[in-house]
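J.: Chain residues, written in single-letter form:
Number of protein chains: 2
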Amino acid sequence: MTILPVDLAKAHRLLNHGPTVLISARHGGTDNVMPAAWASVLDMDPAKVTVVLDSGAQTRDLVEASTHFVMQIPVARHLKVVDALGTTSLHDMPDKLDRAGVKLFDMPGHDLPLVEGCAAWMICRLIPEPHNQTTYDLFIGEVEAAWADDSVFRDGRWHFEDADPEWRTLHHVSGGRYLGIGDILDFNRSPDEGPGA
Amino acid sequence: MTILPVDLAKAHRLLNHGPTVLISARHGGTDNVMPAAWASVLDMDPAKVTVVLDSGAQTRDLVEASTHFVMQIPVARHLKVVDALGTTSLHDMPDKLDRAGVKLFDMPGHDLPLVEGCAAWMICRLIPEPHNQTTYDLFIGEVEAAWADDSVFRDGRWHFEDADPEWRTLHHVSGGRYLGIGDILDFNRSPDEGPGA
Numbered sequence: 001m002t003i004l005p006v007d008l009a010k011a012h013r014l015l016n017h018g019p020t021v022l023i024s025a026r027h028g029g030t031d032n033v034m035p036a037a038w039a040s041v042l043d044m045d046p047a048k049v050t051v052v053l054d055s056g057a058q059t060r061d062l063v064e065a066s067t068h069f070v071m072q073i074p075v076a077r078h079l080k081v082v083d084a085l086g087t088t089s090l091h092d093m094p095d096k097l098d099r100a101g102v103k104l105f106d107m108p109g110h111d112l113p114l115v116e117g118c119a120a121w122m123i124c125r126l127i128p129e130p131h132n133q134t135t136y137d138l139f140i141g142e143v144e145a146a147w148a149d150d151s152v153f154r155d156g157r158w159h160f161e162d163a164d165p166e167w168r169t170l171h172h173v174s175g176g177r178y179l180g181i182g183d184i185l186d187f188n189r190s191p192d193e194g195p196g197a
Numbered sequence: 198m199t200i201l202p203v204d205l206a207k208a209h210r211l212l213n214h215g216p217t218v219l220i221s222a223r224h225g226g227t228d229n230v231m232p233a234a235w236a237s238v239l240d241m242d243p244a245k246v247t248v249v250l251d252s253g254a255q256t257r258d259l260v261e262a263s264t265h266f267v268m269q270i271p272v273a274r275h276l277k278v279v280d281a282l283g284t285t286s287l288h289d290m291p292d293k294l295d296r297a298g299v300k301l302f303d304m305p306g307h308d309l310p311l312v313e314g315c316a317a318w319m320i321c322r323l324i325p326e327p328h329n330q331t332t333y334d335l336f337i338g339e340v341e342a343a344w345a346d347d348s349v350f351r352d353g354r355w356h357f358e359d360a361d362p363e364w365r366t367l368h369h370v371s372g373g374r375y376l377g378i379g380d381i382l383d384f385n386r387s388p389d390e391g392p393g394a
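As you go down the protein sequences, you meet chains U and R in turn.
Okay, so the first sequence: first residue is 1 according to this note's numbering, each after it adds one.
Okay, so the second sequence: first residue is 198 according to this note's numbering, each after it adds one.
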C-alpha cells in the first residue's frame with residue numbers, strides 16, 4: 001500500500017458513490033475529527049464538496065477558524081473508530097481521539113491533521129458562505145490536494161473488486177449502523193465515457 | 198410490495214447512505230427525469246435535501262419554474278434506465294422517457310411525475326436560494342411528503358438484507374458505472390440509538 005496523489009480533475013470520484021466521510025481540522029494547537037454522512041460532490045473541476053457540520057460540533061469551530069479542513073474516506077475496518085468519533089465530544093473528553101484509536105499524520109506543506117489508514121484524503125479550502133453556514137450548517141470546500149491509498153483507489157478509479165473487504169467504504173444508515181459499499185453492477189462501458197466521468 | 202408513507206422525521210434515512218437519485222419535475226405540460234449522484238441530506242426535521250442540477254439540464258428548468266421536484270431512489274434493476282436518462286436530452290429526443298423505459302405515475306394531491314418501481318420517493322418544495330443556484334448549481338428542497346416500497350424500506354429502515362438484490366440502491370462511481378449498496382457492517386447497536394438516528 002502506497003499513498004499516491006489523485007489528479008484533482010478526478011478527485012470527485014472519491015466521493016461520487018456517497019460514502020460517509022471523516023472531517024478533520026486544526027486550529028490553535030487543537031486537532032479534531034468528526035464523521036459526516038451528509039457530504040457530496042458540488043463540482044468537478046475545480047473539485048468542490050459540500051458537507052453539513054452541526055453547530056454543536058467543535059470540528060466546525062476549527063474549520064471556521066482555520067478556513068481549511070480534510071475530508072477523508074474511512075473504510076470498513078474503521079467502523080468502531082467512526083462510531084466512537086461520532087458519539088464523543090472533545091469538550092467532554094479531551095483525549096477523545098486517543099480513546100477512539102485515531103492516529104493522525106501530516107502531509108508536508110499542509111498544516112492539517114489527516115487520519116491514518118483511510119482510503120483517501122482531500123484537503124479543502126473553505127469557500128466562505130456565511131448564509132449557508134448559519135442557516136443550513138452547510139459548508140463548501142474547494143479541493144486543493146488529494147491522495148488515495150493505492151490498495152483501493154488508483155489510476156483515478158476505485159478498485160473495491162480486488163481489494164480486501166476491509167477496504168469497503170462506509171455508508172451510514174442510522175444510529176451508528178453502516179452499510180459497506182457493494183460490487184460493480186457491470187455495464188460493459190468504459191469508466192471514461194459518459195456523464196460524470 | 199406496497200407503497201407506504203414514510204414518517205417525515207425519518208425521511209433523511211432514505212438518503213443517508215448516499216445513493217444516486219432520480220430528479221423529476223413537471224411544468225407547462227412537460228415532464229422530465231434526470232439522474233443525480235450529487236445529492237445529500239441537509240437537515241432532519243424538517244427534512245431537507247441538496248442536489249446539484251447542471252445548468253444545461255432541462256429538468257432544472259422545470260424545477261425552477263414549478264418550484265417543486267421529486268427525489269426518488271432507483272435500484273439495481275434500473276441500471277439501464279438510469280444510464281439512458283443521464284445520456285439523453287429531452288431537447289434532442291422528445292420521446293426520451295419512453296425510450297428509456299420510464300413509466301411515470303402521480304400521487305393524489307401532488308401535480309408531479311413519480312418514476313414507477315423506485316425504492317422511495319420524496320416530494321420536495323424548492324427553497325429558493327438564487328446565489329447557490331446560480332453560482333454552484335446547488336438546489337435545496339424541503340421534503341413535503343415521502344413514500345417507500347415496503348419490499349425494501351419499512352418501519353423507518355432499509356431492509357436490504359432480506360430483499361431481492363435487484364432492490365439494492367445504485368451508487369455512481371464514474372462514466373455510467375455504478376456500485377450496488379452492500380451489506381450491514383454489524384455493530385450490535387439499535388438503529389434508534391446514537392447520532393443521526
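Keep in mind that the hints were calculated from the coordinates and are not lab data.
Take these hints with a grain of salt, some might be off.
Below, a list of computed lysine-lysine pairs in the DSSO-like style, where the Cα atoms sit at most 27 Å apart [to be verified]: (1) R:Lys-293 <-> U:Lys-80; (2) R:Lys-277 <-> U:Lys-10; (3) U:Lys-80 <-> U:Lys-103; (4) R:Lys-277 <-> R:Lys-293; (5) U:Lys-96 <-> U:Lys-80; (6) R:Lys-277 <-> R:Lys-300.
Simulated restraints, written as ranges between beta carbons of each label pair [unchecked claim]: (7) U:Gly-28 <-> R:Thr-264: 40 to 46 Å; (8) R:His-328 <-> U:Asp-111: 28 to 34 Å; (9) U:Thr-87 <-> R:Asp-359: 24 to 30 Å; (10) U:Thr-135 <-> R:Asp-295: 48 to 54 Å; (11) U:Gly-101 <-> R:Leu-301: 45 to 51 Å; (12) R:Asp-308 <-> U:Arg-154: 28 to 34 Å; (13) U:Asp-92 <-> R:Asp-308: 34 to 40 Å; (14) R:Phe-302 <-> U:Phe-105: 39 to 45 Å; (15) R:Pro-243 <-> U:Met-93: 50 to 56 Å; (16) R:Asp-292 <-> U:Met-93: 57 to 63 Å; (17) R:Pro-243 <-> U:Arg-154: 56 to 62 Å; (18) R:Thr-284 <-> U:Leu-4: 36 to 42 Å.
A virtual CB, placed ideally from N, CA and C, is assigned to each residue, including glycine.
J.: Indicate, hint by hint, whether the structure satisfies it.
T.: Hint-by-hint comparison with the structure:
no.: 1; hint: R:Lys-293 <-> U:Lys-80; verdict: 46 Å, violated
no.: 2; hint: R:Lys-277 <-> U:Lys-10; verdict: 24 Å, holds
no.: 3; hint: U:Lys-80 <-> U:Lys-103; verdict: 14 Å, holds
no.: 4; hint: R:Lys-277 <-> R:Lys-293; verdict: 13 Å, holds
no.: 5; hint: U:Lys-96 <-> U:Lys-80; verdict: 13 Å, holds
no.: 6; hint: R:Lys-277 <-> R:Lys-300; verdict: 14 Å, holds
no.: 7; hint: U:Gly-28 <-> R:Thr-264: 40 to 46 Å; verdict: 44 Å, holds
no.: 8; hint: R:His-328 <-> U:Asp-111: 28 to 34 Å; verdict: 31 Å, holds
no.: 9; hint: U:Thr-87 <-> R:Asp-359: 24 to 30 Å; verdict: 28 Å, holds
no.: 10; hint: U:Thr-135 <-> R:Asp-295: 48 to 54 Å; verdict: 41 Å, violated
no.: 11; hint: U:Gly-101 <-> R:Leu-301: 45 to 51 Å; verdict: 49 Å, holds
no.: 12; hint: R:Asp-308 <-> U:Arg-154: 28 to 34 Å; verdict: 48 Å, violated
no.: 13; hint: U:Asp-92 <-> R:Asp-308: 34 to 40 Å; verdict: 49 Å, violated
no.: 14; hint: R:Phe-302 <-> U:Phe-105: 39 to 45 Å; verdict: 52 Å, violated
no.: 15; hint: R:Pro-243 <-> U:Met-93: 50 to 56 Å; verdict: 32 Å, violated
no.: 16; hint: R:Asp-292 <-> U:Met-93: 57 to 63 Å; verdict: 60 Å, holds
no.: 17; hint: R:Pro-243 <-> U:Arg-154: 56 to 62 Å; verdict: 42 Å, violated
no.: 18; hint: R:Thr-284 <-> U:Leu-4: 36 to 42 Å; verdict: 31 Å, violated
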